[in-house]
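Number of protein chains: 2
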Amino acid sequence: MNVKDVIYNNFVTWMDGDAENGDIVISSRIRLARNLREIPFPHLLDQAKGEDCLKIIKGAWQESPAYQQGQMELETFDHLSSLDRQMLVEKHLISPGHAETNSSFRGVVLNQDGSLSTMINEEDHLRIQCLLPGLQLDECYTLAQGLDDELESQLEYAFDERRGYLTACPTNVGTGLRASVMLHLPAMQMTGQTNQILQNIGQLGMTVRGLYGEGTEVAGNFFQMSNQITMGQTEEEICTHLRAITVQLVEQERLLRERLQVDLKYQLEDKIGRAYGILSHARIINSNEALSLLSDVRLGIDMGILQGIKPNDLNELVVAIRPAHLQKRAEEEMDATGRDIKRAQVIQEKLQGIQ
Amino acid sequence: MNVKDVIYNNFVTWMDGDAENGDIVISSRIRLARNLREIPFPHLLDQAKGEDCLKIIKGAWQESPAYQQGQMELETFDHLSSLDRQMLVEKHLISPGHAETNSSFRGVVLNQDGSLSTMINEEDHLRIQCLLPGLQLDECYTLAQGLDDELESQLEYAFDERRGYLTACPTNVGTGLRASVMLHLPAMQMTGQTNQILQNIGQLGMTVRGLYGEGTEVAGNFFQMSNQITMGQTEEEICTHLRAITVQLVEQERLLRERLQVDLKYQLEDKIGRAYGILSHARIINSNEALSLLSDVRLGIDMGILQGIKPNDLNELVVAIRPAHLQKRAEEEMDATGRDIKRAQVIQEKLQGIQ
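The listed protein sequences derive, respectively, from chains A and B. With UniProt numbering applied, the first sequence covers 1 to 355. With UniProt numbering applied, the second sequence covers 1 to 355.
No wet-lab data here; the hints were simulated from the structure. Among the hints, erroneous ones may be present.
You can't tell identical chains apart in this list, so a pair holds if it fits in one copy or across any two.
Claimed, not checked - Here are the simulated DSBU-like pairs of lysine-lysine, each with C-alpha atoms no more than 35 Å apart in a straight line:
1. K265 with K328
2. K265 with K49
3. K265 with K58
4. K310 with K265
5. K350 with K58
6. K265 with K350
7. K49 with K350
8. K55 with K350
9. K58 with K310
10. K310 with K55
11. K55 with K265
12. K55 with K4
13. K49 with K310
14. K4 with K49
15. K350 with K310
16. K4 with K58
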């Protein structure tokens with residue numbers, strides 16, 4: 001396999017809409033932060049030390065069964081263009097911050113379907129991630145832990161008996177685990193209940209962020225919910241807790257959708273119909289409007305108001321309309337207006353292909 | 001023939017979009033105001049005098065060849081429901097004010113295709129009208145004058161050698177002639193030039209009004225332009241003058257459309273595409289929004305951006321989505337929300353039927 005195959009493939013595994021609760025829980029993610037003992041954290045690495053660090057990681061990595069069986073590939077960022085790295089961000093496989101450098105000692109490890117990945121020298125030396133469709137936190141944890149075990153057998157992690165895994169940012173010390181789910185909550189938004197609910201979630205130790213994690217806006221009614229606390233709880237407890245809150249939110253969203261269908265049937269069908277009508281006929285559309293309308297269309301599909309479109313197609317579109325993916329498809333750099341035109345074209349082709 | 005046939009037919013002749021300049025000049029109208037000598041103007045008529053007046057008109061009317069050949073029919077408003085009268089307003093065959101009463105001495109004379117009509121005891125005893133598609137002011141005048149001559153041979157009109165035809169409102173004294181055209185000027189609106197142009201038109205002795213004449217709003221970029229002056233000019237001069245200004249406006253609108261297609265190609269196609277998308281998928285739509293979007297779609301057809309829809313269909317839709325027509329079609333009285341739902345359905349059916 002090749003990292004670029006994953007970058008240029010339209011589909012990665014989290015986009016599969018048929019997973020458990022996949023209508024509301026788009027994806028689940030587990031991320032483990034790990035660092036090497038006696039090597040400075042990434043933000044303190046100079047070129048020479050950075051290369052040493054990469055060498056150690058690469059060595060351990062090449063001993064792992066995943067590498068030896070050709071299931072995963074490592075690529076450093078000096079071999080990926082800025083557009084390639086941005087496409088990885090848009091596919092949720094690396095963080096926006098990590099994509100910013102073309103450093104030769106920073107990079108990514110990926111498997112074929114994008115379910116398992118590791119960021120090298122992002123905020124920590126290693127950020128092992130598993131990203132699956134639907135509500136699959138336990139499965140994510142098992143897979144991430146498997147890769148973690150393989151690497152740990154070759155590496156000396158910075159670990160303290162009392163504090164647990166040591167990390168560059170103190171908010172990750174302990175388990176080093178961040179569990180998150182990407183939720184699609186349009187009914188909650190439409191009924192104006194999101195703020196109240198998000199406030200309650202905060203009191204339960206959870207954080208809610210936008211489509212691309214920390215510092216990004218909520219768009220298209222997509223919410224990323226993750227645990228705030230990484231210490232004083234086991235990995236299993238963190239996953240169980242997040243899963244329980246997610247299930248509650250899913251039930252609440254379903255209830256609100258049913259109520260909408262009863263109380264505001266025509267208004268709902270109107271909103272969804274218009275969204276579909278605009279998406280299939282616009283010639284210029286910006287990212288936020290497109291996400292918002294795709295969210296309406298997604299709701300229409302989930303509620304059986306629209307037919308013929310699959311959740312997979314929409315998950316794919318949400319990524320395909322982002323700037324780097326659009327420019328890759330057009331094979332040229334484009335300004336905002338150019339992208340808005342290309343975006344409308346991509347959406348139209350996709351929706352026409354489906355009909 | 002029967003007046004109700006014209007009321008319930010979706011199509012009347014002015015809706016024909018293939019007439020001369022019919023892409024911009026929707027219709028032309030000539031209206032002649034006439035009154036009977038020695039009978040008070042309609043607003044001064046009590047029931048007894050009103051019935052006398054109607055009797056005289058009916059008598060003269062029954063002598064006319066049009067009546068005797070069964071080409072035109074007279075109906076008084078005590079035989080037409082409020083909804084029926086409203087449908088005549090929506091088809092531009094009587095004025096909104098005339099529709100308000102169910103008086104037994106007020107009424108209408110119509111021919112089969114709605115091109116020739118006469119309001120009885122509206123503001124004047126007789127308002128003879130001819131309404132044709134496209135720019136056909138001379139043809140309208142010839143037809144209206146023909147009917148006028150037939151009636152004048154049987155009736156004594158209130159006529160003064162110095163002042164001409166006498167009318168209830170002094171603004172109509174003289175020729176009693178009002179010539180008007182219904183214009184569709186979307187490019188003028190989009191480029192923000194309407195106000196300036198309308199101001200200039202005012203200085204040329206023309207008045208601009210909305211879709212349903214005096215006191216109605218401009219909607220869907222439809223403008224009704226008519227002569228302000230009825231005295232001191234012959235009928236032919238009035239028609240020639242209005243025709244000349246209309247031709248200028250048509251040329252200006254065409255020029256602006258060409259410029260839009262060059263300078264704002266994508267924005268234009270986007271606006272038109274979205275309008276079509278919303279109209280074909282909305283479930284609730286109010287009258288103003290529908291008119292405005294139909295105007296965009298009409299522009300798209302005229303400019304070759306949209307295919308498969310005929311101007312006739314859109315002219316028909318502009319009338320079919322009005323409140324009385326919607327309620328007639330639904331065969332029930334409906335509140336505003338009910339009409340908004342029915343309107344969306346009627347538009348969708350029409351557009352689907354076309355595609």
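- Message: Are any of the numbered hints broken by this structure? If so, which, sorted upward?
- Response: 2, 3, 5, 7, 8, 9, 10, 11, 13
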